[in-house]
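*Asks:* Chains as they are written, first to last, in the numbering used here: chain X, 17 to 488; chain D, 17 to 488.
Everything labelled a hint here was simulated from the structure, so no lab data went into it.
Accuracy of the hints is not assured; some may be wrong.
To be verified - Below 20 angstroms or equal to it, Euclidean Cα-Cα: the simulated SDA-like pairs (lysine to any residue) are:
hint : chain 1 : residue 1 : chain 2 : residue 2
1    : D       : 188       : X       : 213
2    : X       : 248       : D       : 278
3    : X       : 248       : D       : 35
4    : X       : 177       : D       : 188
5    : D       : 45        : D       : 35
2 protein chains.
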Amino acid sequence: MTSVNEVLKDNDKVKINYQDEIIALVRSKSSPKVVKDKLSEYHASDIADVIEVCTLKERELIYRILDMQSLADVFEYLENASELLEEIDIQKAARILELVDADDAVDILKDADPKMRKAWLSLMNKEHLKTINVFYSYEEDEIGSRMSTNFVTLYCNLSIKEAMTSIIKQAKSHDNISNIFVLDENGVYYGTISLNELIIARENDELLDIISTSYPYVYSDEKIDDCIENLKDYSEKSIPVLSDENKVLGVITAQDLIEVVDDEMGEDYAKLAGLTAEEDLKEPIFESVRKRLPWLVLLLGLGLVVSSVVGLFEAVVSQLTMIICFQSLILDMSGNVGTQSLAVTIRVLMDAQLTGKKQLSLILKEMKVGLLNGLLLGSLSFVGIGLYIALFKHSPAVTAFSISACIGTALLLAMVISSLVGTIIPIVFKKIGVDPAVASGPLITTVNDLVAVVTYYGLTWIFIIDIMHITC
Amino acid sequence: MTSVNEVLKDNDKVKINYQDEIIALVRSKSSPKVVKDKLSEYHASDIADVIEVCTLKERELIYRILDMQSLADVFEYLENASELLEEIDIQKAARILELVDADDAVDILKDADPKMRKAWLSLMNKEHLKTINVFYSYEEDEIGSRMSTNFVTLYCNLSIKEAMTSIIKQAKSHDNISNIFVLDENGVYYGTISLNELIIARENDELLDIISTSYPYVYSDEKIDDCIENLKDYSEKSIPVLSDENKVLGVITAQDLIEVVDDEMGEDYAKLAGLTAEEDLKEPIFESVRKRLPWLVLLLGLGLVVSSVVGLFEAVVSQLTMIICFQSLILDMSGNVGTQSLAVTIRVLMDAQLTGKKQLSLILKEMKVGLLNGLLLGSLSFVGIGLYIALFKHSPAVTAFSISACIGTALLLAMVISSLVGTIIPIVFKKIGVDPAVASGPLITTVNDLVAVVTYYGLTWIFIIDIMHITC
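Chain X with its partners taken away, still in its complex shape (with noise of 0.2 angstroms):
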């Protein structure tokens, strides 16, 4: 991003860095009338990120000399909104809360020190607190609380004449025109209209021809990991969000869905790396602690029942000391597969409604690729594995390939069960209405080391020492 980053090459391109420009005029002693023309050219994202680099003086300069609206416009940006908002002039603030976009107000004021938040609310007025409850309203999974209220409405007896005449009054105010939503007579949704055809229409054309009655709609209170991949689907450039009524109370734009996309694939990779939650720099360490922990404190309860399983055969392994050293091998092999068939199918269930018959075809193709690696790798184990104890253990190439032999089909068949249950577990838990990603770690970690370690110690202690009497 050339905005931001130096250019590297050599040739025609720019090389700017807006950030830079903008310090240096607000360091520069030129008069605040200069100041604030110039500075209002520059995006309100490159604002925020200097002021998040600014001293406090710099900041009240840029406070006290951007106009009020352009000012809302970069505490949008700012990811310390509520702390700087702080800075600000009392009655000054709550007019700037009343021109953000009220599901960032809403966002500013959770994060808000609550004397604060209770002064500035008491000094808002009472239109603006109504949008703002029903943001409150509510729950995080709801696509409602990542909707925008940007958006402009016709109804639909207008002419054509009439809609842009209406357009252009509500452009002032709001600036996400490209679609139009049309109510009926009682402000109920009626369609889309995209505002080029608007444009294009004739004066004489009929407003009801360009309205399109099939366009798609969202509920406020649908869950969001119910409806966001229809919303993706749709690639739109905005999509009204109605009231149980019908109403139209805001819109999910394509960049409210950037950033809900971001979060909710975020959490998912959190939780596959046994996060409770995504994780950034600035947080402080006992935050991050209590979000590793409870996984770790889990796996230490379930990796006993492992140590107690592999406890079992300790005779086994105080014959034939030897079968140890693999015994990390193949844990390690049947974990990793598990986690890729896990990853495949979160991201699989994420991806589609499955039918029982789908569920089924991605369970048997995720055993196949199980038997698949197995196979080339169980293989390749019992050829390699057992030169290396041949070769470097110097024992006797019968027994090297007996416990080569063994190590193998332990792999095969790890690999092969670790595959389904890493398949299985998910589409189950999602199936009883359980986060497959938060739960499914640890429990297929521990399944999956159970299978192994008996698999592994099992066929040892049955065709080694039980058949083939070889100890060490």
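Given chain X, put chain D in place with the hints provided.
*Replies:* Frame of chain X; chain D shown alone:
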């Protein structure tokens, strides 16, 4: 998404399933004119979903009934577009390829049978072929490969009225008109106007006054990895993509960005799980095997290294068989902690351009988190496993707690070192230009296993066998 799934609640909400409606429409015996008029009401994404479940005969009806532009819109949403395009008359198919957005056309052509591709290309007009060649020239990791050519431009010397007339003209064939890109007399990118500003401007305002010259832009050959975070931060409807000569080649729309974010995070998610790329349900089994095998083979090799090291401690194990029970516990825990650190580090590396100081603070933070978690779990293990051995293995208390002290200490050390390794290795890989998400996993697992094994058996050897003289 109510347009697809049924709404479950029993209230005023309208239960509409657009796809069922479309299928019923296609299967009805209505005249082509009626079906066409009704079909044009639906969203191209919904029609695409229906096409994927239709019979060939029904598809042929849709191909025949829809006009070319609508058909092109639908093809932009089809997953197996190149396959379905073969069902269409070759002349008509070439025309569709001209009408779909150039980046989608390239995707369809890349997936297509080489013979068909050649035939289609030979029938397309030269202007379109030129655009398509531009897209073919981008690598998959360059932002140019993701841009859309659906955008509108203006020359900067126009009056407001002339500008508006030009936009109305362009709106007929382009529907991304929210941001208008302004060119100087040589066609070089000059700045951006938002359609809002243009609409609310008065006829005698100056066009120059509403041009934002510090609007973000991106060069077509920038790496997606390098610019995606900035593109996301701007949260804009569209951002211009420039050539080396600063001409506007295309735009990255918010919808394009959703796809990019989804793909990028999907890839990282897959890599974290040890897959070389994201998989889906429809993929052939051998393709899945190929994606998973490399990591598994590598891990098998590295696992053998760990096995060799465990082999060095055979003597310790033969003297105190009980200790092998807890090997899996310590290896699993160190693996889990390493994965957590890896996941956090990769996300942080992806989100931010880290300075040396910030990298150090990340490493320190991970060490502290590892130390705290290690202390907690180490103590827990010391007490818990001590009691477990004393009660279930009927060992004397001294033996039990000596062993559990070794386990606790080994756990503490392994967790601290795993946190470190899980942080430093991805940072180093990033620095030397290797993708940290794909390369870190195997190395971290192996290093952590080695550290854990050496610490655990080493401690047992020195403390229990050499100092305390405890054997089984």
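*Asks:* Decide, hint by hint, whether the structure agrees.
*Replies:* Hint by hint, here is what the structure shows:
no.	hint	result
1	188/D / 213/X	holds, 8 angstroms
2	248/X / 278/D	holds, 10 angstroms
3	248/X / 35/D	holds, 17 angstroms
4	177/X / 188/D	holds, 18 angstroms
5	45/D / 35/D	holds, 18 angstroms
Going down the numbered hints, you'll see the structure goes against none, and every one checks out.
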